[in-house]
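Residue numbers (the numbering used here), protein chains in the order written: chain A, 3 to 269; chain B, 3 to 269; chain C, 3 to 269.
Any given hint could be a false lead.
What the hints assert, rightly or not - DSBU-like cross-link-like pairs, simulated, lysine-lysine; straight-line CA separation at most 30 Å:
{"no.": "1", "chain 1": "A", "residue 1": "Lys69", "chain 2": "A", "residue 2": "Lys16"}
{"no.": "2", "chain 1": "A", "residue 1": "Lys253", "chain 2": "C", "residue 2": "Lys206"}
{"no.": "3", "chain 1": "B", "residue 1": "Lys126", "chain 2": "A", "residue 2": "Lys206"}
{"no.": "4", "chain 1": "B", "residue 1": "Lys267", "chain 2": "A", "residue 2": "Lys205"}
{"no.": "5", "chain 1": "C", "residue 1": "Lys206", "chain 2": "A", "residue 2": "Lys248"}
{"no.": "6", "chain 1": "B", "residue 1": "Lys206", "chain 2": "C", "residue 2": "Lys206"}
{"no.": "7", "chain 1": "B", "residue 1": "Lys126", "chain 2": "C", "residue 2": "Lys253"}
{"no.": "8", "chain 1": "A", "residue 1": "Lys206", "chain 2": "B", "residue 2": "Lys75"}
{"no.": "9", "chain 1": "C", "residue 1": "Lys253", "chain 2": "A", "residue 2": "Lys267"}
{"no.": "10", "chain 1": "C", "residue 1": "Lys126", "chain 2": "B", "residue 2": "Lys205"}
{"no.": "11", "chain 1": "C", "residue 1": "Lys206", "chain 2": "B", "residue 2": "Lys205"}
{"no.": "12", "chain 1": "A", "residue 1": "Lys126", "chain 2": "C", "residue 2": "Lys253"}
{"no.": "13", "chain 1": "B", "residue 1": "Lys126", "chain 2": "C", "residue 2": "Lys267"}
What the hints assert, rightly or not - Beyond 10 Å from chain B on every Cβ pair, some chain A residues (computed):
{"no.": "14", "residue": "Ala44"}
{"no.": "15", "residue": "Ala56"}
{"no.": "16", "residue": "Lys79"}
{"no.": "17", "residue": "Met121"}
{"no.": "18", "residue": "Asn181"}
{"no.": "19", "residue": "Ile200"}
{"no.": "20", "residue": "Asn221"}
{"no.": "21", "residue": "Gln226"}
{"no.": "22", "residue": "Gln257"}
{"no.": "23", "residue": "Gly266"}
Claimed, not checked - Incomplete in silico selection of chain B near chain A, CB under 7 Å:
{"no.": "24", "residue": "Ile136"}
{"no.": "25", "residue": "Ser139"}
{"no.": "26", "residue": "Phe141"}
{"no.": "27", "residue": "Met147"}
{"no.": "28", "residue": "Lys156"}
{"no.": "29", "residue": "Ile163"}
{"no.": "30", "residue": "Ser165"}
{"no.": "31", "residue": "Gln198"}
{"no.": "32", "residue": "Arg199"}
{"no.": "33", "residue": "Thr223"}
{"no.": "34", "residue": "Glu225"}
{"no.": "35", "residue": "Met228"}
{"no.": "36", "residue": "Glu242"}
{"no.": "37", "residue": "Ile245"}
It is worth saying that the hints were derived from the structure and are not from the lab. Since this is a predicted model, take the numbers as computed values, not measurements. Even for Gly, the Cβ is constructed at its ideal location relative to N, Cα and C.
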Amino acid sequence: MILTTQKINDSYWKVIVNNPPINLFGPEFSEELMVLIDEFEAAENLKVVVFESAIPDFFIAHLDVLKATGFPKGAGKTGLSKSWPDIAKRFEQAPFVSIASIRGRARGLGSEFVQAMDMRFASKEKAIFGQPEIGFSIFPGGGGMERLHLLTGKAKALEIILSGDDYDAETAASYGWINRAIADNELDAFVENLAQRIASFDKKVISEIKSIMNERAVNPTDEQIMDTQTRFFEALAQPEAAIRMKNLFAKGLQQNSDAELNLGKYL
Amino acid sequence: MILTTQKINDSYWKVIVNNPPINLFGPEFSEELMVLIDEFEAAENLKVVVFESAIPDFFIAHLDVLKATGFPKGAGKTGLSKSWPDIAKRFEQAPFVSIASIRGRARGLGSEFVQAMDMRFASKEKAIFGQPEIGFSIFPGGGGMERLHLLTGKAKALEIILSGDDYDAETAASYGWINRAIADNELDAFVENLAQRIASFDKKVISEIKSIMNERAVNPTDEQIMDTQTRFFEALAQPEAAIRMKNLFAKGLQQNSDAELNLGKYL
Amino acid sequence: MILTTQKINDSYWKVIVNNPPINLFGPEFSEELMVLIDEFEAAENLKVVVFESAIPDFFIAHLDVLKATGFPKGAGKTGLSKSWPDIAKRFEQAPFVSIASIRGRARGLGSEFVQAMDMRFASKEKAIFGQPEIGFSIFPGGGGMERLHLLTGKAKALEIILSGDDYDAETAASYGWINRAIADNELDAFVENLAQRIASFDKKVISEIKSIMNERAVNPTDEQIMDTQTRFFEALAQPEAAIRMKNLFAKGLQQNSDAELNLGKYL
């Protein structure tokens, strides 16, 4: 099991991500997440879900590039492709609130995972963000081209995606990538308090607030999400991507290595 | 009189809000504001209006919930409902500039009041912001679902509205809720200088800048504003709202009480 | 020559702006820029262009108001008016990345110039930004009414444009006007590293990222740009503009003067 759910009470659940060594996001992760989101949607009283990592240096490292083509095929409940795009849309539309509490690296699909949550809080000292795809001759394919600019504006999204570099939590907060960077020793108490607080309110009102806000604010369209995904897999099939990946695997990619700790520098 | 206008000169007027004990926004406040905005629109040379509070701890506490159904009925000049939605739209479209200079609490409709101004400056030490509606089993009904996310982005608007919690001025500034948090002993001079400065420019250009910007930038639609207002009054009529309000009135709601000073904690 | 291109290598070019005394943007500047952008577009391997100023106190002071009607007429490649609007659109749509590295004043068209780049970095100590048009009884006519609010949000764009005042780099960064304010002694290394980094990636991917982002994010429409330009030249032809300009020329406008160094105060 990669994902373990702690049911604090009927209203507030916590999900611990534990996929050693570096919390890669592969087909198994995606399948467990699809089971979980079915369970979340079926839980009548569920108001808040918090995601945390069990691995100190990694929240979700990135897509498991060796298994990039092994994800479940077909359309999910939302009509989007059955795996991450469908799941992300369901979090957006859910009648419960999703919160990412981030320590360690959240790069690529890890960054796109937290972008799909309703809100994001990160350890000032221990969280690192990146969209390193350009270093593999590809671009963000899991929503980063659609959701990041809604958080940061276009200029900063271009900087992040075109540099492929690592960003600390304070810079990420000042750019709008996350809601707030919080001192590491205060992060858990902050998120716990916020989650318990939201869980104390009426589910009907929580769900109406999310639903009205989704009507008022700009969200990615299904067409944009699928168009990018198609182009992403085309780019991934180009020889340039294979060459750059081979070089990075030789340096320790997808292992608990200096290359993964400081991926920004290695690209 | 709740609202007193100081006409510094032909171009620059200041409005002092004084509705003891805590500057609640009720039908009388709304009616005085409707008279004032008629006067503003008729003043040929008026370029800047600054709103301040006469009550140290409260800018505008929130809607007077005991009088929530007593507001003037019918459609105002803009076609929106005759009271706050009509007034807010007229500030947006006005040929003069509106500035909120904020000390004390601006929660609920008080927060929505400042969101409808063209710009907002607040005392770093003394201003507190909140959208506490969720604690009453309702949601923002006076523009908060439409205007807050335009200032802060969706993720932070959801955090603010779903937490119902209090935010200090520096956090509000970093979130985009206000233009800037300013040291309390510098706030008056800053706003005075800005207001006098704008008042020294040509009214025709000021009005053209506002008009072009309203065409370029996203503003709430009339449909969104009215849809939320309808749903707001439906939510307010639910028994959950009555129960939560009764509990809060027992603790000092709508009085100059610890509950009003620290409403975020009491919800 | 106002614009000198240093071709660091095939992928990374630097352009130095040198139009003493204060880097005014006049017809000659515009014509050189039109030649340059043709060259940029034709350079098959060009991935990054960085703009810098050779004049310590001025990045680009503003439009040369004495030559405001002397710009090349007719439609450019994009269909927009042949000079700045056409050039700005071409930077936006270009398959290469444009970066402004800013020391000194960037006001009016200077500010609009940097807004048209993909990203902007500025010296914390030495950069100053402003949209001073209102002090001349006009308003931003070169994209400031369209691009600034996309960077800062409407409330801050209104504050900037209605005040006409000077903003230091840290305030500009906190408002989103620029990506980041960087200590003066670190700015060059930061931009050099970012430019070299982007230049090390595949041009095809760089160009696809820009193209997808332009489809996803909001950009000014051609109609908005041309509508504002038309209204700008109408405002410029009003007697109020001539009077305000005459007063400012008497105080040192368009010279290396205290008036140009501290234009915000003089308006």
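Cross-check of the supplied hints:
no. : hint                : result
1   : Lys69/A x Lys16/A   : holds (27 Å)
2   : Lys253/A x Lys206/C : holds (25 Å)
3   : Lys126/B x Lys206/A : violated (35 Å)
4   : Lys267/B x Lys205/A : holds (20 Å)
5   : Lys206/C x Lys248/A : holds (19 Å)
6   : Lys206/B x Lys206/C : violated (48 Å)
7   : Lys126/B x Lys253/C : violated (37 Å)
8   : Lys206/A x Lys75/B  : holds (28 Å)
9   : Lys253/C x Lys267/A : violated (51 Å)
10  : Lys126/C x Lys205/B : violated (34 Å)
11  : Lys206/C x Lys205/B : violated (50 Å)
12  : Lys126/A x Lys253/C : violated (49 Å)
13  : Lys126/B x Lys267/C : holds (25 Å)
14  : Ala44               : holds (22 Å)
15  : Ala56               : holds (25 Å)
16  : Lys79               : holds (22 Å)
17  : Met121              : violated (5 Å)
18  : Asn181              : violated (6 Å)
19  : Ile200              : violated (5 Å)
20  : Asn221              : violated (8 Å)
21  : Gln226              : holds (16 Å)
22  : Gln257              : holds (33 Å)
23  : Gly266              : holds (24 Å)
24  : Ile136              : holds (5 Å)
25  : Ser139              : holds (5 Å)
26  : Phe141              : holds (5 Å)
27  : Met147              : holds (5 Å)
28  : Lys156              : holds (4 Å)
29  : Ile163              : holds (6 Å)
30  : Ser165              : holds (6 Å)
31  : Gln198              : violated (32 Å)
32  : Arg199              : violated (27 Å)
33  : Thr223              : violated (9 Å)
34  : Glu225              : violated (10 Å)
35  : Met228              : violated (13 Å)
36  : Glu242              : holds (6 Å)
37  : Ile245              : violated (10 Å)
Hints 3, 6, 7, 9, 10, 11, 12, 17, 18, 19, 20, 31, 32, 33, 34, 35, 37, counting from the list given before, are not met by this structure.
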